[in-house]
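> Fit chain E to the known structure of chain B by using the hints.
Each protein sequence line maps, in turn, to chains B and E.
Under our numbering, the first residue of the first sequence carries the number -1, and numbering increases by one thereafter.
Under our numbering, the first residue of the second sequence carries the number -1, and numbering increases by one thereafter.
Hints in this document: simulated from the structure, not taken from any laboratory.
A portion of the hints provided could be inaccurate.
To be verified - With a cut-off of at most 16 Å between alpha-carbon atoms, the simulated EDC-like pairs for lysine to aspartate or glutamate come out as follows:
(1) E:Lys59 <-> E:Glu35
(2) E:Lys131 <-> E:Asp144
(3) E:Lys217 <-> B:Asp14
(4) B:Lys217 <-> E:Asp197
(5) E:Lys59 <-> E:Glu17
(6) B:Lys131 <-> B:Glu152
(7) B:Lys59 <-> B:Glu17
(8) E:Lys56 <-> B:Glu44
(9) B:Lys131 <-> B:Asp144
(10) B:Lys200 <-> E:Asp197
(11) B:Lys56 <-> E:Glu17
(12) B:Lys217 <-> E:Asp14
(13) B:Lys56 <-> B:Glu17
(14) B:Lys59 <-> B:Glu44
(15) E:Lys56 <-> E:Glu45
(16) E:Lys56 <-> E:Glu17
(17) E:Lys59 <-> E:Asp132
(18) E:Lys217 <-> B:Asp202
(19) E:Lys56 <-> E:Glu44
(20) B:Lys56 <-> B:Glu44
(21) B:Lys200 <-> E:Glu206
(22) B:Lys217 <-> E:Glu194
(23) E:Lys217 <-> B:Glu194
(24) E:Lys200 <-> B:Asp144
(25) B:Lys59 <-> B:Asp14
(26) E:Lys200 <-> B:Asp202
Said to hold, decoys possible - To give a feel for the contact side, a few chain B residues facing chain E, derived at Cβ under 10 Å:
(27) Ala18
(28) Arg28
(29) Ala32
(30) Ala49
(31) Val95
(32) Ile149
(33) Ala161
(34) Arg195
(35) Val198
(36) Glu214
What the hints assert, rightly or not - Not everything, but these chain E residues come out facing chain B in the computed CB check (under 7 Å):
(37) Pro24
(38) Leu103
(39) Phe143
(40) Ala156
Idealized CB from N, CA, C, for every residue including glycine.
Protein chains: 2
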Amino acid sequence: MKEHTVTARSNDSARDIPEATVARLPVYLRALVALAEQQISTCSSEELAAAAGVNSAKLRKDLSYLGSYGTRGVGYDVDYLRYQIAREIGVTQDWPVVIVGIGNLGHALANFSGFRSRGFRVVGLLDADPDMKDQTVAGLQVRPFDDLPEIATENGVAIGVIAVPAVAAQDVADALVAAGITSILNFAPTVLSVPERVDVRKVDLSIELQILAYHEQRKAVQTL
Amino acid sequence: MKEHTVTARSNDSARDIPEATVARLPVYLRALVALAEQQISTCSSEELAAAAGVNSAKLRKDLSYLGSYGTRGVGYDVDYLRYQIAREIGVTQDWPVVIVGIGNLGHALANFSGFRSRGFRVVGLLDADPDMKDQTVAGLQVRPFDDLPEIATENGVAIGVIAVPAVAAQDVADALVAAGITSILNFAPTVLSVPERVDVRKVDLSIELQILAYHEQRKAVQTL
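Chain B on its own, in the form it takes in the complex (with noise of 0.2 Å):
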């Protein structure tokens, strides 16, 4: 086995990863980003699934289709297939960001330093409450949702994450599409309708409740 088994990486897209196996590559980007912040520069494949809390099997699986296969009694290169992960993810490149709903929600993705470090710059805060104008959070002023075309042409913006109440959820994807953002990360409790271009990724924060509420129920079960 050679020391990278380094893919010609086609940029044709001709090779389809997994949607399960794209799931899991920010998961992996995000426990090898811990090893390397450990000064660990080589892991085996075990170690870095214990990190991922995934199993090695299907691990190893998922960075066959990035071409990474490690290097037998060695393992993995900590920094390259850190490298190998941002790019196939597309992260190493600068992702232009708006967040939509400057309340609770919004002032907390803002300052949420997750995204600058993962390539996600904000670079428009917009939010419909006049009251809201002038205000400035996480070093960004707030600007009326209206001059949401602007800002979006302006910077190029890929990427619109939705933070308002869900009644006003759907003006707002309407609003981001006619923008020509062709991604939208929705926090809002709603099912939003988007061209098939467009795709939306929703993020529900009482799933994960919901997964521990099982194995709660299970604990509570066991010991009876």
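Same frame as chain B, but now just chain E:
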């Protein structure tokens, strides 16, 4: 096939549902709630799968773990399946929850209606900052962090939500565990060390953004 193939639900935890299925049950539940709100009383596995964003073979397999097979030619009874899944997850119970860290994120979580509607009842808001004391958020008075053991015991709290900065998260986790709490939902961008009996789920707000970036990058390539 019988109208509803009901499993005699054993409470002896003999049956293990795969973790990936557990993670999808709340998604099915959300889709069923949405269908019920549209006055839809039966649905095919294809319809439910589309609403939940999974393929229908996977959905049928997942539901088979609950002993739920629908009715041939009719599909699933929306209300009954909703009840089955809610019971399986345990959200037909009442789950007292505490939130630690009442900054912007803690505020947003305390006000999040999706918790209450899914059986999670916020019984305590805690913050170490003395300036937060006596503030009322979402109808609850913020209490000093030191009151945690008292609140946990009084309310039988099973689930703790950590919404403090990363540097404080491990101390909060230790205190939650010491107070007898066995499930933790962690929003802090850090890995927690807890005893084996304690379940931790981590919410990383940037992971969904990274998945969007992956698709966005591919769109950019495809239009070259």
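> Decide, hint by hint, whether the structure agrees.
Okay, the hints, checked on the actual structure:
1. E:Lys59 <-> E:Glu35: Not OK: Lys59 (chain E) and Glu35 (chain E) at ~25 Å, beyond 16 Å, violated.
2. E:Lys131 <-> E:Asp144: 12 Å, holds
3. E:Lys217 <-> B:Asp14: Between Lys217 (chain E) and Asp14 (chain B) the Cα gap is close to 13 Å, so the pair holds against 16 Å.
4. B:Lys217 <-> E:Asp197: 10 Å, holds
5. E:Lys59 <-> E:Glu17: Measuring from Cα to Cα gives roughly 13 Å; hence the hint holds.
6. B:Lys131 <-> B:Glu152: 20 Å, violated
7. B:Lys59 <-> B:Glu17: 13 Å, holds
8. E:Lys56 <-> B:Glu44: Not satisfied, since the Cα-Cα distance of roughly 28 Å exceeds 16 Å.
9. B:Lys131 <-> B:Asp144: The given pair, whose Cα atoms are some 12 Å apart, holds under the 16 Å limit.
10. B:Lys200 <-> E:Asp197: It is violated: about 24 Å lies between the C-alpha atoms, which goes past 16 Å.
11. B:Lys56 <-> E:Glu17: 14 Å, holds
12. B:Lys217 <-> E:Asp14: 13 Å, holds
13. B:Lys56 <-> B:Glu17: 14 Å, holds
14. B:Lys59 <-> B:Glu44: 13 Å, holds
15. E:Lys56 <-> E:Glu45: 13 Å, holds
16. E:Lys56 <-> E:Glu17: 14 Å, holds
17. E:Lys59 <-> E:Asp132: 50 Å, violated
18. E:Lys217 <-> B:Asp202: Violated, at about 25 Å.
19. E:Lys56 <-> E:Glu44: 10 Å, holds
20. B:Lys56 <-> B:Glu44: 10 Å, holds
21. B:Lys200 <-> E:Glu206: This hinted pair holds, its Cα atoms lying about 8 Å apart.
22. B:Lys217 <-> E:Glu194: Holds. Lys217 (chain B) to Glu194 (chain E) sits at ~12 Å (cutoff 16 Å).
23. E:Lys217 <-> B:Glu194: Given pair Lys217 (chain E), Glu194 (chain B) holds - Cα atoms ~12 Å apart, limit 16 Å.
24. E:Lys200 <-> B:Asp144: 35 Å, violated
25. B:Lys59 <-> B:Asp14: It holds: about 14 Å lies between the C-alpha atoms, which stays within 16 Å.
26. E:Lys200 <-> B:Asp202: Holds: Lys200 (chain E) and Asp202 (chain B) sit about 13 Å apart, inside 16 Å.
27. Ala18: 8 Å, holds
28. Arg28: 7 Å, holds
29. Ala32: At about 6 Å, which falls below the 10 Å cut-off, the nearest Cβ of chain E leaves the hint on Ala32 (chain B) intact, so it holds.
30. Ala49: 8 Å, holds
31. Val95: Val95 (chain B) check passes; min Cβ-Cβ to chain E is 7 Å, inside 10 Å.
32. Ile149: With a minimum Cβ separation of about 18 Å from chain E (threshold 10 Å), the hint on Ile149 (chain B) is violated.
33. Ala161: At about 8 Å, which falls below the 10 Å cut-off, the nearest Cβ of chain E leaves the hint on Ala161 (chain B) intact, so it holds.
34. Arg195: Check passed: Cβ of Arg195 (chain B) comes within 8 Å of chain E, closer than 10 Å.
35. Val198: 9 Å, holds
36. Glu214: 5 Å, holds
37. Pro24: 4 Å, holds
38. Leu103: 4 Å, holds
39. Phe143: Status violated, d = 19 Å.
40. Ala156: Constraint on Ala156 (chain E) satisfied, holds at 5 Å.
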